[in-house]
Structures are given as C-alpha cells and as structure tokens.
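Undergrad: Listed below, chain by chain, are the residues.
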Amino acid sequence: METETDRTELVRRLQRREAWRRRIPLLPALLFTIVVTQVPFLFNIWYSLTDWKIVPPSPRRFIGVDNFVDLVDNRFFREAVWTSILMTVSAVLLSVMLGTLIALLLDRKFFGQGFVRTLLITPFLIMPVVAGLIWNTQIFNSSFGVLNWSLDALGFERIEFVTRWPLWSIVIVLVWQWTPFMMLIILAGLQGQSSSVLEAARVDGASAPATFFQITLPHLRPYLELGVLLGSIYLIQVFDHVDVITGGGPDSTNVPYFVFQRSIGGGWQFGQASAYSIVVVIASIIIATFGLRVLSGLLEGEDAA
Amino acid sequence: MSGDTGPVVGQRSLGSLLLGIGAWGIGLIFFFPIFWMVLNGFKEEADANADPKLFFDPTFTQYDEVTSQTQGLLGFREAFFNSFWAVSISTILVMILAIPAAYALSVRPVKKWRDVLFFFISTKFLPIVAAILPLWIIARELNLLNTRLVLIILYTAMNLPLAVWMLRSFFSEVPHELIEAAQIDGASIRGQITSVILPIVAPGLAATALLCVIFAWNEFFLAVQLNPVDGSTIPIWVTSNVSTRGNFLAKLSAASTLATLPVVLCGWVAQKRMIRGLAMGAIK
Chain A
1 METETDRTEL
11 VRRLQRREAW
21 RRRIPLLPAL
31 LFTIVVTQVP
41 FLFNIWYSLT
51 DWKIVPPSPR
61 RFIGVDNFVD
71 LVDNRFFREA
81 VWTSILMTVS
91 AVLLSVMLGT
101 LIALLLDRKF
111 FGQGFVRTLL
121 ITPFLIMPVV
131 AGLIWNTQIF
141 NSSFGVLNWS
151 LDALGFERIE
161 FVTRWPLWSI
171 VIVLVWQWTP
181 FMMLIILAGL
191 QGQSSSVLEA
201 ARVDGASAPA
211 TFFQITLPHL
221 RPYLELGVLL
231 GSIYLIQVFD
241 HVDVITGGGP
251 DSTNVPYFVF
261 QRSIGGGWQF
271 GQASAYSIVV
281 VIASIIIATF
291 GLRVLSGLLE
301 GEDAA
Chain B
1001 MSGDTGPVVG
1011 QRSLGSLLLG
1021 IGAWGIGLIF
1031 FFPIFWMVLN
1041 GFKEEADANA
1051 DPKLFFDPTF
1061 TQYDEVTSQT
1071 QGLLGFREAF
1081 FNSFWAVSIS
1091 TILVMILAIP
1101 AAYALSVRPV
1111 KKWRDVLFFF
1121 ISTKFLPIVA
1131 AILPLWIIAR
1141 ELNLLNTRLV
1151 LIILYTAMNL
1161 PLAVWMLRSF
1171 FSEVPHELIE
1181 AAQIDGASIR
1191 GQITSVILPI
1201 VAPGLAATAL
1211 LCVIFAWNEF
1221 FLAVQLNPVD
1231 GSTIPIWVTS
1241 NVSTRGNFLA
1251 KLSAASTLAT
1261 LPVVLCGWVA
1271 QKRMIRGLAM
1281 GAIK
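Protein chains in written order, with my numbering: chain A, 1 to 305; chain B, 1001 to 1284.
Be a bit skeptical, because a hint or two may be false.
[Said to hold, decoys possible] Partial pick of chain B residues on the chain A-facing surface, computed with a CB cut under 10 Å:
no., residue
1, I1026
2, W1085
3, I1092
4, A1130
5, L1145
6, I1184
7, G1246
[To be verified] Reference excerpt, derived from the structure (chain B facing chain A, CB under 10 Å, subset only):
no., residue
8, L1019
9, N1040
10, L1105
11, R1108
12, K1111
13, S1122
Simulated from the structure, these hints should not be mistaken for lab results. Since the model is a prediction, treat every value here as computed from it, not as a measurement. Idealized CB from N, CA, C, for every residue including glycine.
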C-alpha cells in the first residue's frame, strides 16, 4: 500500500517535472511579452480613473468612472469609432479582393511574370510615412499631382481629393500598400493547389468559373481568412497614413489618431485619453475574439502530440 | 482530332496573351507612384513643382542636399545607423525569444498551448496608441527616452507575436520521426532545434525575419513619440524633409527613395522565399 502511494507520488512528480521542462523554452518570450505589453495597460487603468490635465496644469486627482461617463456622449469619439470601422473594413475587403484577382493573373505563365510580381509587391515594402507623403504631394495634390494633371488633360475639373474625400484618400493608399501582401498570401495558396485535381476538373469539362468557385475558392479559404485576420490586425491601428495625409479632421480621424490628439498630440487630457484607450482595448478584445475564432478554424483538425 | 485542337489552342493563347497584358498593366499602375517618386528625386525643385514632366535634366542636387550634415539637425547617417541598430538587434532578439517559444508550442507543446498562442496574438490587437502614454512615462522614469534601447525593446515586443505564430506553423511541418530520432539520440532541446529543426524551416525563418525587418524599419509612431531628438530613425528623418517654407517635393522624393531602398531591395531578393514561407505558415 505504501509503495503504491510512493509510486503515484513519484509519477506525479515526474509529470510535473516534465510539464515544467516543456514550459521553460516558452517562458522568456512569454514573460517579455507580459511585461512590455500588459504593464502599460495596468498603468492606463489607474490613469483613466483620474482627472489629469497637463494644460492647464492641474494636480492629478481620483474621480472614479467620470471619464468613462463623459466618453459615452462624446460625439467626436463616436465619429472616430465609425471612421475606424469604415477604414478598416473597406481597406481589408478591397485589398483582399484585388489581391486575389491579381494573384490569379500572376499564377499563369506569361512573359515577364517574375518582373511583374516584383513590381506588384513593392508598395508593401514602402514605409507608410513615405507612401502617405508621396500620394498626398505627388498624386492627389491639386496643383502638381499626377491624378489631377490627368483629369485636367482629359478636360475635367481639378479636384482636391484629400479635402473632398479624406477617408477614401487614405483608404486608397492603404489598399495600394496592402493589396501586395494579400496577393503574396493568395499566391502562396494557389501554388499549393494540387495540379491533378485541376487537371481532373479540366478533363471532366468543367468551365473556368466553375473550377474557380468549386475547387480553387474552397482551397483558398484558409489563406483568405489569414489575409483578413492579419490585415485587420495591422489596419485597425493605422496612424502614420492619417498623420501625413490629412493630419486628422472630420471623416479621417480614426480611433488611434483620436486618442493621440486627446493626449500627447496636443489635448494633454491624459486621464480622459486613458479612458478612451481602455474602451478601445475592450472593444479590440471583443473583435479579436471573433478574429481568433477564425484562427481556431485555421488550427482545427491539427493536434500535435 | 488534331484539327479540333488548333483553334482551341489559338483561342487559349489569345486569352492568356490578354491576361498577361492585363497583369503587366496592373503591375505598372501599382508601381507608378514609386517610379514617380524616384523620378522626382532627380529633378530640380522647379521641375518637380510644375506640371508632371517625364523628360528633364537629371541632377543629383537633391541627394547631395538631403545627405549633407547640418549642425543641430538630424542627419541621414545618424538616422540610418539608429535605424540599422534598432532593426537588426530587435529582429535578432525576436528570433532568440521566438524560436524556443515556437518549439514549446508545437514540437513538445505545453498544456493549453492554444491559449498561449492566442495570448501572443491578442497583444497585437491592443492599439499601440493606447499604450503610448504609460510607455512614455515609464521610459522617462527609466531614463530611456531618446535612446536606441527603448526602440529595441518595443520593436521586439511588436514583432514577437507574429514571429511566434509563424515559426510555430513552420515547426509543426517538421516530420515527427526526425525529432524523435534526435531525442532518442539524446539531443538536448537546443541540439534538436539547431541540428534538426532550423535547417528544415530555414525558408520560413527567413520570411519571418524579413517581415520583422520590414515592420521595424518602417515604424514611425513609437519612434516619433519616444525618440524625437536623439536616437531618431529613418522615418523621422524623411518627414523632417517636409518644410512649410519653399518647395520640397524633389528633396522629399530623394529622401524617400533613400529611406525605402534597403527594405525594398531585401523584399525583392527574398520575394520567392516569402511566398513559400507564407504558404507554410497559412495552413498549419
């Protein structure tokens, strides 16, 4: 009886040791991430419960949830939320659709295929600040911009694109940068497609659209989901483009830019800005849970031993 | 039979010719803004600030001007080295942290490895703007404002989740028998990783590192908030060429071309590898 308990005790201890041995390689990365990303968040929670303005200078004092109450009926915050949603959803959807189309075009042999692919991936490699500045000053600009020059040459009137459509000007630049990324992912998917299945479909006399919708598209699904997920993660945080194209303003201030304006970007209302951040974080977690469900779909069926 | 295939082949090749031309057209349209930027960098300001011109007398004036050192202003060389160190050290750190973590999430997974992976990815959903205020205050307390170190730490945190996630997918592609054989031979975790896993996942590793380099090199927000004076990086140097007085289009174009060149060249060289890496990372 005694040896029996000894043995179970030993087994348990060995299991625990094994569990720790498995955990050790993970710990440095996990601890680093927790410290660098979660500690600032805890600070934020404290700040958000205080009234803390730098201009005019005033002592920080505890005010409970007042900042959050203010936030609910702040029209500008609601507008920023709406702008963020529009910006992210339209940029992600447009770049995924365009990226798929271009990937399909590139996935066939033609003269200069590699060169055209090289041209197409370049916008993704361009620094966002540079992309915004170049589009703003040399494409959209109403006096020297190429787009307006073309309009002029075709007999149309010149348009101040950025003033007239601030949101869509930014979305165009975002789509220009992210279409290449989506194209790369979809291209990867297309290259993993088995040629024997496609050959079989062709022998069976399936039309090109039928082959696309019934074979290629289902095969591409995980790649499309990956593109949407990664695109959303990065595009919901867009700051640089807004900063250099419009510098904020109605219709183009998204949530990140709004929080920036309210705090270190000139508003100096640190308590309030922290409250906005907290709301953004909570909303992000809710949205992320949906995103992660997609991701669980990606991980489905795989179980490493 | 052979008479039948003639016109079909003809039709098909006409179709693919048109699709090829379409691909070329789209490629040229996408590349045009970059082409225009490079072109404008070789113009005099008077030529750049005028109706678009394709033909002009090329000049290196702008390149001379943007790279020349002015006392008290952020110079190109200084910004380049700040960027270089922040990007390379943070990418190396990301790899050092992510490789063992990916091992612990795939080869011999910890319990609840899915939750851990989700935690890593979920940190990417936290808007960096929301964290900038506490980061600024903490950095000031630790005397880290305007240092390269603060950017190295934050760029590592910024790229780590993506790297862990991609590397995990690559690691789970490695055949189990190979790892088991190494384990039976008594290889340590380090031995398994360096002699069995890494050689197999090398293309994926390169793709991951390249993405980290791209995102870190191009990062603007953290750099401008935490390092506006010393330790400024290339994106800040680019925006310093936008002036409110006088014309700056040609100067900005030259500066932008210099700033984007390193990452664009890396991307061009590694594009095939990147596609292969993403293909491995997508499904597993």
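Undergrad: Compare the structure with each hint and give your call.
TA: So, going through the hints one by one against the coordinates:
1. I1026: Hint on I1026(B): holds, closest Cβ of chain A at ~6 Å, below 10 Å.
2. W1085: 18 Å, violated
3. I1092: 14 Å, violated
4. A1130: Because about 3 Å separates A1130(B) from the closest Cβ in chain A, which is inside the 10 Å limit, the hint holds.
5. L1145: 12 Å, violated
6. I1184: 15 Å, violated
7. G1246: 14 Å, violated
8. L1019: Status holds, d = 6 Å.
9. N1040: 6 Å, holds
10. L1105: Hint on L1105(B): holds, closest Cβ of chain A at ~7 Å, below 10 Å.
11. R1108: 5 Å, holds
12. K1111: At 7 Å from the nearest chain A Cβ, K1111(B) passes the 10 Å test, so the hint holds.
13. S1122: 5 Å, holds
In the structure shown, a violation is registered for the earlier hints numbered 2, 3, 5, 6 and 7, in ascending order.
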